[in-house]
Amino acid sequence: MWEYTDKVMDHFLNPRNVGEVEDPDGVGEVGSLACGDALKLTFKLDKDGRIVDAKFKTFGCASAIASSSVLTELIKGKTLDEAMRVTNRDIAEYLGGLPEQKMHCSVMGQEALEAAIANYRGQMAAPHDHDHAERIVCTCFGVTDKEIERVIRENGLTTVEQVTNYCKAGGGCGGCRGEIEKIIQSVQGDEVQEQLLPPSRKGKKLTTIQKIQLIQQTINEQVRPALRAHGGNVELIDVEGNKVIIAFRGMCAQCKISEFTMREVVEAKLREFVAEELYVEEDKDSLDVQHVHKG
Amino acid sequence: MKTIYFDNNATTQVAPEVYEAMQPYFCRLYGNPSSMHTFGGQVGIKVREARENVARLLGCDPSEIIFTSCGTESDSTAIHGTLAAVPQRRKVITTRVEHPAVLAVCRDLESRGYTVIELGVDKLGRLDLGELERQLDDDTALVTIMSANNETGVIFPIEQIAEMVTSRGIVFHTDAVQIVGKMPLNLSQSRINLLSLSGHKLHAPKGVGVLYVKKGTRIAPFLLGGHQESGRRAGTENVPGIIGLGKACELALKHMDDENTRVKALRDKLESAILDACPDSRINGDTKARLPNTTNISFEYIEGEAILLLLDRFGICASSGSACTSGSLEPSHVLRAMGVPFTAAHGSIRFSLSRYNTEEEVDFTIGKMPQIIKRLRELSPFVQGAAASH
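Protein chains in written order, with our numbering: chain A, 1 to 295; chain B, 1001 to 1390.
Chain A extracted, bound-state conformation (with noise of 0.2 angstroms):
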């Protein structure tokens, strides 16, 4: 169970101003039925633009519903450059805290904020605007790399477990963890050091042995968590000198495509992380086996 503090209690049973402001100025939404938590909020200014109303239906937790309510209170009575400044340590504050894990929770509510504000200046939601220069890290909750990099920055975070908690990337299948990691390390720099993982041994001179465990380690945690959040699954079968036999299951060994270019993935992770001179290939036997899966 969790242990929420009376606040975040009181703000879930007694929820402030939900619904939607009639004929609103600004509309936020975020969030999805998919990702578990879903907010809309909609506020009303005033003659000297004030906010003077604002409303929220939230889908998700007590601490999203508790988040959303305490943001419509943060937020009334400010003008929007004021509102703009409210940060989601300013809504975990007012909440006397949320469990790690439930971080995320306050920044989705800082996200339907900058969306609503967005909206009503007329620019295209700018955390969800996946232009150019925002690339999706975490295809499970779909979070981009400037959104990562953001609570990083705003939040001093330096763990892959710490951007999970506070916006969802790397909390599904944890694909995309190493790439999460290598986001913290440009963001926080040296600070971070200590925590990354041990250095690759790649360079080193391997023996036969060292080189098959370390290539049954990077598939293991470079490539099937990926496979495996779609229903697939890969397989060593053997190594033959640089040669890399695998099997593909699942969903990837009907897929033809996929088969394709997943041979070409883990070929890259084997020779980032075992040896330059690996190639991959499949194996010839397995290609017959049906291994349908259902749902």
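Hints were generated in silico from the structure; no laboratory data involved.
Treat the hints with care, since some could be wrong.
[Said to hold, decoys possible] To spell it out: a stretch of chain A is covered by chain B in this simulated footprint if at least three of its residues, at any positions, have a beta carbon under 8 angstroms from a beta carbon of chain B; those stretches are:
(1) 12–25
(2) 51–61
(3) 106–119
(4) 166–176
All figures in this text were calculated on a predicted structure; none of them were measured in a lab.
In this text, a Cβ means the ideal position worked out from N, Cα and C, and glycines have one as well.
Place chain B on chain A using the hints.
Showing chain B alone in chain A's frame:
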């Protein structure tokens, strides 16, 4: 406030008779059953009697019972013990809807070079036995498939599967944690090689489990050390727990009919009343082959943790397959394997009853549920005004 406990697939109340049976074995009869003196020996006799009671419930010989510390230990022992006994075979078959105590072990095996096949299920949570048949080969060391699903209560045709698997000379293990005490078993007439059960799911205390090992099934011990459990599980016995479990098995045999009639009727009443009163709700799982005490209901457009917290305000205990309740970000792997849409998986609630539940508790819950669902739908951006106020 009175607690209404509808979360018996998570854990159960220790039966008062069980508690009473255990009490002498803490401060008074604390001897070690392995000791040569009478003081310890008398405890050994009680452990033997408990073993006989467990065997009676399972319909097997007492020598086929190994006491463990929990269901998870039983599962790990069954899987690792079997693979160690047949090192030349490198394939394990399981399902995508297993409890993590099996699934996590299998995935770990995969990373150590084993081939692991996870069988899928259809939208009602049923297995395709044809697919299982196709996967069985000479490299297969073990098939491990649960008897009944903890989240949906869906029961697998375990005897049929055992027949299919063992006739190929392959070992079959089943995690029967949810079914023991709810449905009758007769393992002497069964082809099941290995079966796990957990004490605290059938009104015994936490910290005691059983691994049934059919005579002739080869299994390497998991815990090494002393000679306890005939050398198959080292470690001084959890005497009070074992004696409690013996009593619980004796009671389970006595109450088996009650589970399948009165408890089932309460579950059915709760389920149909909630479905009637709450629009956009649906049952997850095959209602034709299901535990008598379990129902898993999805409520569209709202999230499970919020429902649980509102139920909690009335003292009603249930659980959810929503992402938020687990601390992970994705909803139940069982519901996802069944292809339950994300929208419904996030809003799923499991009620699991026991023989201690009453009709008043069911009626009380039926009375509270619609207002909880309505209240959360009024907050949901996915429900338009008219639908919310139903």
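Results for each hint:
Coverage of the region 12–25 of chain A by chain B holds in this model, with 4 residues showing a Cβ closer than 8 angstroms to a Cβ of that chain against a need of three. Beta-carbon proximity to chain B at under 8 angstroms applies to 5 residues in the region 51–61 of chain A; the threshold of 3 is reached and the given coverage holds. Requiring three or more residues with a Cβ within less than 8 angstroms of a Cβ of chain B, the coverage given for the region 106–119 of chain A is violated, as only 0 such residues are present. Chain B is given as covering the region 166–176 of chain A, and this holds because 3 residues of the stretch bring a CB closer than 8 angstroms to a CB of that chain, at least three being needed.
In this structure, only the earlier hint numbered 3 is contradicted, and the remaining ones agree with it.
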